[in-house]
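> From just these sequences and the hints, can you work out the full model?
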Amino acid sequence: MFDRLRSRFGTGTDGPTVGLFVDGPNVFREEFDVDLDDLRTAAEELGRVGVLRLYLDEHATPGLIQAAEARGFEVIVTSGDVDVKLAVDATALTGEGAIDRLAIASRDTDFKPVLEHAGRNGVETIAIAPGSYGRSDALRNAADDAVTLGE
Numbered sequence: 001m002f003d004r005l006r007s008r009f010g011t012g013t014d015g016p017t018v019g020l021f022v023d024g025p026n027v028f029r030e031e032f033d034v035d036l037d038d039l040r041t042a043a044e045e046l047g048r049v050g051v052l053r054l055y056l057d058e059h060a061t062p063g064l065i066q067a068a069e070a071r072g073f074e075v076i077v078t079s080g081d082v083d084v085k086l087a088v089d090a091t092a093l094t095g096e097g098a099i100d101r102l103a104i105a106s107r108d109t110d111f112k113p114v115l116e117h118a119g120r121n122g123v124e125t126i127a128i129a130p131g132s133y134g135r136s137d138a139l140r141n142a143a144d145d146a147v148t149l150g151e
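Those letters in the sequence shown? Residues 1 to 151, by the UniProt record's numbering.
Treat the hints as calculated values from the structure; they're not laboratory data.
A quick note: this is a predicted structure, and the numbers were derived from the prediction, not measured.
Hints are not guaranteed to be accurate.
[Said to hold, decoys possible] Cβ-Cβ distance ranges computed for the label pairs, FRET-style:
#, residue 1, residue 2, range
1, Thr-41, Arg-120, 25 to 31 Å
2, Gly-119, Gly-63, 33 to 39 Å
3, Thr-78, Arg-29, 16 to 22 Å
4, Pro-16, Thr-109, 33 to 39 Å
5, Val-88, His-59, 28 to 34 Å
Beta carbons are placed, not taken as given, at the ideal position from N, Cα and C, and that holds for glycine.
What follows is the structure, given as structure tokens:
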């Protein structure tokens, strides 16, 4: 319910409503050096942020969880497969019409069907790569647009 309200009222800026879904285990790796603020900024540049979610597994550090919450992320910690939870939530949200743009930050090609489903439902899609080394060509090609952090 709160996600729906946030997406309707947004942060007060004009533009399309954006939902950013971050695949934590695939984005927050030493080799990428991704910053939470960079992810938030990338979402804000796409429009009015309605949903800002970081998905983590049970091995996530309390420091990462606290830092994400302090920056406005809704943190979802799952003992199961992060990819499945993120994919189900993103697919459900695009079907509800709560967002105009779906951004997925990951390097995992498992999210290609999610981007394709969103596109079929009239939701613009953006693949956010954690760096040029972490870019997935499959995600990039499935999305309407692509962003590479650090470029």
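> Of the hints given before, which are not true for this structure?
Those not satisfied are hints 4 and 5.
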